[in-house]
Amino acid sequence: MEATMTQPTTIPGLGRALKTEEMVISMGPQHPSTHGVLRLELVVDGEVVVDVIPHIGYLHRCFEKHCEHMTNYQQVIPYADRMDYVAAMSNEFGFVVACEKLLKIKVPERVEYIRVIMAEFSRIVSHLIAIGTYGMDIGAFTPFLYCMRDRERVLDIFEQTCGARLLYNYMWIGGLSHDVQPDFAAKVKDFCRYFRPQIKELNDLLSYNKIFIKRTANVGVLPADVALNYAVSGPVLRGSGVQWDLRKNDPYSVYDKLDFEIPVGKGLKGTVGDCWDRYMVRIHEMEQSVNIIEQAVERLPGGDVASAIPKRIRPDAGDVYVRTETPKGELGYYIISDGTATPFRVKVKSPCFVNLSALPAMCRGAMIADIVAVLGSIDIVLGEVDR
Amino acid sequence: MIPPPETSTPLPMTAQEIFESLKGRFGDAILDAKVDAVPDPWVKIAPARLKEVCLFLRDDGEMLFDLLMCLSGVDYRGGKLGVVYHCDSTVKHHKIVLKTEVTDADPHVSSVESVWKTANWHEREAFDMYGIVFEGHPDLRRILMPDDWKGFPLRKDYQVPEFYNGMKVPY
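So the protein sequences, as listed, match chains Z and P. Counting from 1 along the first sequence, just add 1153 to a position and that's the residue number in our numbering. Counting from 1 along the second sequence, just add 291 to a position and that's the residue number in our numbering.
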């Protein structure tokens, strides 16, 4: 790489007189490890990164402007799907919870439990992609194929339930678009039985792999106080050792009735808050998600999933901020209603956007190759960063 | 039964207490409040004094608002722009919403970037979309739109340009 040209050279006789200076390298927008169209402006001193300046906006699709031009709140949901397209269920979940709070609707228990199952499935799917592509960034190709294979099984369940594999438009304000199929519970239990050993396999294959640990431990350390100041959330925050999960700390839906743990980074292979910790939080979260799904499907009550869907969605004037825990972190919707059927303002606080803004704090002083490791450990989806 | 999540010992403050404490300390910087608003009580603050109020909210032992959840620009129509701050405390488990209002003729708000680093990108976004200028922001550039874009797209009176650098703008 050209960057080596600027490494300080000592030539006998010349010594200090030889000038070296920092160099600016553009990484992206077409770079395989930036997970989409992200451009990083790296200021490097030899191989050492002095500063990183992310340039975003390549995938900006005016989500917030679109919302203000809808004729109905319901029409926003397909757009919300397209923000974090690998975990679309979680995006819908946040939006419908926000709208229901604005409309003061209580939804049936059955709907809540199905939503929780779907949201946790989407957490598993998202983490599988995060883990698989992270391995690929680091140089391990095989785990990616294993992850994709397991992801297919979840997508099959989604497809059977609502007909779509990626962008579902499944959760509606007040209910769901379809009830689950009669053999849903059996399929879900089958998956849980199948998936637990797969996590173990993934651990043997990647998590405790010596090369993988060498590449990720002690790299991109984000201390807890810096993490909070940057308001990062999700596995990035928990990787820094902060026990903060909205499903426990600010419960919504039926999460307060379910029993699960919040995994945090403990610095087992290096320092608390390094890339390996952030990675490992995702592995443990998948285990917890399986626990939640098993409990929820066990308790799934009967009832009609469409009974609370309002005929007319026209909330009273007012505003609401609702945050939910998506696989990437805290997804917030700030919705202002002016009493009409069109949202006056929808602001999305995207977890990836905020987590990415902390990237420079993690990268300063690292090597160029570490940038790839740090970026992968944040797990960004550019669709959600740019909206 | 599942035990409730561990709550730390200090008691959360009510919106009323937060408002009174702010009013007592900053006086005329606190313009208005609706402490019984459902679901989120809010306090309105003078745009020029936001930074000192936020610094107090973050550092005071009673407040400890260590998390800025969200910062949103808003166009309230009629030349009125606003910024809304959603603050949360991970220590004391209380929340407050701060609002501030400016006119589009003089859209200057003091930046809270030095209080919460997360505000850096949020403020850039609000500048990009609404043209709200955050005084004291170290790097106030457009973030989502191209650097040479004209106008502020999320303003209610925004007209989509026909051309951008000679290219037709669809939609």
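You may find that some hints are simply not true.
Derived pair list, reagent style DSSO-like, types lysine-lysine, alpha-carbon separation capped at 27 Å [stated by the list, open to error]: (1) P/Lys-314 with P/Lys-335; (2) P/Lys-390 with Z/Lys-1218; (3) P/Lys-390 with Z/Lys-1410.
In case anyone wonders, no lab produced these hints; they're calculated from the structure.
Hint by hint, which ones does this structure get wrong, listed from lowest number up? Those not satisfied come down to hint 3.
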